[in-house]
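Below, each chain spelled out in residue letters.
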Amino acid sequence: MPVSSAPEPGEVPDHDLVRRSQAGDSRAFDLLVTRYRGRIYAMTYHMIQNETEAWDLAQEAFIKAWRALPRFKMDSAFYTWLYRIAHNVTYDWLRKKRIQGEGEFDDERTEHRVAAGAETAPRGADAPDEALRNAELGGRIRAAMGQLSEDHRQVIVMREIEGLSYEEIAAAVPCSLGTVMSRLFYARKKLQELLKDTYENAA
Amino acid sequence: MKTPPEDTELLRWLDDEMTPLERERFAARLTVEPALRREAESLQALRRTLREHLPQEMAVPHADFFNSQIQVRLAREVPARRGSGPSWLAYLRLPRLAAAAALVLLAVLVLRPDSGVDSRVLATYTPDPEVHATTHFSEAAGATVLLLDGLEEMPAERPLVGFRQGAADQQLFSVHQQNAGSAPPATAKDETATLTANASRE
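Line by line, the protein sequences are chains A and B.
Residues in the first sequence are numbered consecutively from 7, following my numbering.
Residues in the second sequence are numbered consecutively from 2, following my numbering.
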């Protein structure tokens, strides 16, 4: 599972903040929220492809984490534990959406292009035409992700963005190793088909 | 759907799931199989593109509001956590234990061995905020009466054990319903249990 990035020098370690949070210190929990909101939001956004709903789901993940904190034994890194909660919250949401029959995502749902200050935003040093090309490419990639099924998008996010191993993905989904490999294979085939001209021209 | 067997190795190579020996063998294949090499390069390029444009961390829109909204919701939950957390006070929510705790407090505060029958209860405390305690001195019984209102439902026939004080092992408290003498109700929920202190002292 994803591990937490080590706190910067001078930062309070996660386990101290977790202990204080477990004792009811909501200010300590606020520091944990600030530390990990960017990663949790990125995960929910990549899965949902909708800024508003991803924002809400990220919040829900933190609220659920707060409720579950008394049961957290610190037998894993806090971020690993938090990620699992966020993943479950997101997947439950997707499952409910599927039951409600909203169907697959389409390009229109990728309303959030580049958040101000986001790492996806073109760097200041980029030439204007390169910045535009980057923004267009980012849009195409998000649209392609939106065309994947939820199961395929899930494994791509876990593998390519979070860097989880097959075993970790299988445990988180949960499914067999064979299913993980199969989903990754077909998800990549689909993305290749949708994006081949894009990334081959960019190379 | 299963992964075609011929692609399984490519997948494991790409995802760094091979042993060093397997990786070495696969690298050798790449040098002699141009089609396989092209596919491997294409998948690596796809990975680079995805990682470049789908960052692991993103700026949260209205980040301060994001945090403050969580804090607002936590503020609503903190009292509930205090009420239901693994505190020793949680055990006192049980009716019998809540009653026992109140009685102990009463005994400590009021019914000291050297106090007279006109002792007054200066304060009462119940660990469960839903339970209200009131007291009065009963001339007829010659005892201080503690009323606990709001206890959880329990069978009327359930015995509430009095506790004994001192070496004489004398029963200090006994319990009866306020409507003693009438048919026992099905539950004690709507009844106020009256704990009568037997004030007879040595």
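In case anyone wonders, no lab produced these hints; they're calculated from the structure.
All values derive from a computational prediction rather than experimental measurement.
Hints are supplied without guarantee of correctness; some may be wrong.
To be verified - Listed next, with one range per pair, are the computed distances between beta-carbon atoms:
id : chain 1 : residue 1 : chain 2 : residue 2 : range
1  : B       : Leu22     : A       : Gln106    : 48 to 56 Å
2  : A       : Thr40     : B       : Glu78     : 14 to 22 Å
3  : B       : Gln45     : A       : Glu136    : 16 to 24 Å
4  : A       : Cys181    : B       : Glu34     : 29 to 37 Å
5  : A       : Asp98     : B       : Ala36     : 41 to 49 Å
We put the beta carbon where it would ideally sit given N, CA and C, even for glycine.
Verification of the hints:
| no. | hint | result |
| --- | --- | --- |
| 1 | B:Leu22 to A:Gln106: 48 to 56 Å | holds (49 Å) |
| 2 | A:Thr40 to B:Glu78: 14 to 22 Å | holds (19 Å) |
| 3 | B:Gln45 to A:Glu136: 16 to 24 Å | holds (22 Å) |
| 4 | A:Cys181 to B:Glu34: 29 to 37 Å | holds (31 Å) |
| 5 | A:Asp98 to B:Ala36: 41 to 49 Å | holds (42 Å) |
Checked against the numbered hints given earlier, the structure satisfies every one of them.
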